[in-house]
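Asks: Protein chains in written order, with the UniProt record's numbering: chain A, 1 to 152; chain B, 1 to 152; chain C, 1 to 152.
You may find that some hints are simply not true.
Restricting the straight-line Cα-Cα distance to at most 27 Å, the calculated cross-link-like pairs of lysine-lysine (DSSO-like) are [unchecked claim]:
#1 LYS42(C) <-> LYS57(C)
#2 LYS52(C) <-> LYS26(C)
#3 LYS57(C) <-> LYS147(A)
#4 LYS42(C) <-> LYS26(B)
#5 LYS147(C) <-> LYS57(B)
Residues of chain B placed beyond 12 Å of chain A at every Cβ, according to the derived structure [as the list claims (entries may be wrong)]:
#6 ILE33
#7 ILE39
#8 PHE44
#9 GLY85
#10 SER98
Hints are computed from structural coordinates only; laboratory data are not their basis.
All C-beta atoms, glycine included, are put in the ideal place defined by N, C-alpha and C.
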Amino acid sequence: MVHVTQLMENEVFMAFASYTTIVLSKMMLMSTITAFYRITRKVFANLEDCGKGENAKKYLRVDDRVERVRRAHLNDLENIVPFVGIGLLYSLSGPDLSTAIMHFRLFVGARIYHTIAYLLPLPQPNRALAFFTGYGVTFSMAFRLLKSRLYL
Amino acid sequence: MVHVTQLMENEVFMAFASYTTIVLSKMMLMSTITAFYRITRKVFANLEDCGKGENAKKYLRVDDRVERVRRAHLNDLENIVPFVGIGLLYSLSGPDLSTAIMHFRLFVGARIYHTIAYLLPLPQPNRALAFFTGYGVTFSMAFRLLKSRLYL
Amino acid sequence: MVHVTQLMENEVFMAFASYTTIVLSKMMLMSTITAFYRITRKVFANLEDCGKGENAKKYLRVDDRVERVRRAHLNDLENIVPFVGIGLLYSLSGPDLSTAIMHFRLFVGARIYHTIAYLLPLPQPNRALAFFTGYGVTFSMAFRLLKSRLYL
């Protein structure tokens, strides 16, 4: 048994762990929101979810409200996965603490705002700006990583 | 060259590595199952996959069996990504070995059962229970991480 | 503050960090390509993206070019997520440097070729071969991990 906990004594890594846990938990909440709309609106994708009775099959349908949540969820996946992967490596590459925390805060804030803008919905360019902020943060970390530690 | 292997001598981390490798491999198998149904049922999403001949275009269609596998695959992505991200950070935060292993086992078991319940399919609430077990495990690790190591 | 940077002095880990950053950045570019086609072809999924005017609603449609990019993006997610998760653990398990780099290079090359084959599109089996190369690389790392470090 060795000093794994050393990693968790590194402040950048601790901050990364906190922000990542928050943004991944936020992403998971999308499943609950989807389930909420599916159940309250009776809109299902699988026959076994529709309940019993002759009319069950009619609940096998598509609803824009549900699809909107699913698009927001997929967009989260597409953007939070690179953040977690690149952010982890970036955190281990010895960045400046305040720069790193600024990256994490901006990303998490942008993704929370993106979800709000998607679900209400807010008029554009609210969602677009939230998207590009998160996108830019991840590319900024990728750039810094490749600049300082490229090893091919 | 330094003691990276120290990480792999930590028992919680080794257990996390084994369970994560298993659950990610399981997720990858969904691609093979999709390909199997696409080929045996001749259901394709791209024209270049349909083969040649005048009738090729008719295989450009949607099939419920294939869509079911794809929904199970997407559900895996939505749930296994947070497990891997949060689980990695949780493993590094010094949890109790037996508690950690219980989390990993429950999650991996629940996701395997979820796939079986989705693909057969089993009647509800089989799939729902499998889903919420995995979901709860990930939130439990997130909660423990944020409680003990919050650094914003 | 401790020697987190030790991880980044390990050559296998540095190589993993570089290749992962590249392949995740490539995946993120799919969002930009989707946005490019959505805007130039005026094909949107949300009413608030369609602009104003009486006719705005007619841009709420599905286009095969856009769907093709989205399928490529989803396929990236389905394959790059296991690569990042399993690859990270594999990198920490002390593999031979040249073997590890060969794995990373093959995977990243295969995924870049997969995207080209999907978007042009190239005739099959170009895309299928690219897919199975990446798939095989990830399973090869998973196999090596489970063989040497199984801890259940």
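Asks: A separate judgement is required for each hint: does it hold in the structure or not?
Replies: Status of the hints after comparison with the structure:
1. Taking the CA atoms of LYS42(C) and LYS57(C), the gap is about 11 Å. The hint holds against a cut of 27 Å.
2. Straight-line distance between C-alpha atoms of LYS52(C) and LYS26(C) comes to about 33 Å, which puts the hinted pair past the 27 Å bound.
3. Restraint check for LYS57(C) and LYS147(A): the C-alpha separation of about 45 Å exceeds 27 Å, so the hint is violated.
4. A C-alpha spacing of about 39 Å is found between LYS42(C) and LYS26(B), which places the hinted pair above 27 Å, so the restraint is violated.
5. As the CA atoms of LYS147(C) and LYS57(B) are separated by approximately 45 Å, the hinted pair breaks the 27 Å bound.
6. The non-interface label for ILE33(B) is consistent with chain A: the shortest C-beta to C-beta separation is roughly 16 Å, beyond 12 Å.
7. Every CB of chain A lies more than 12 Å from the CB of ILE39(B), the least distance being 23 Å, so the non-interface label holds.
8. Separation of PHE44(B) from chain A is adequate, the least Cβ-Cβ distance of about 21 Å exceeding the 12 Å criterion.
9. The Cβ of GLY85(B) does not lie farther than 12 Å from every Cβ of chain A; its closest approach is about 5 Å, which violates its non-interface assignment.
10. Interface exclusion of SER98(B) from chain A stands, the closest Cβ pair being 14 Å apart, more than 12 Å.
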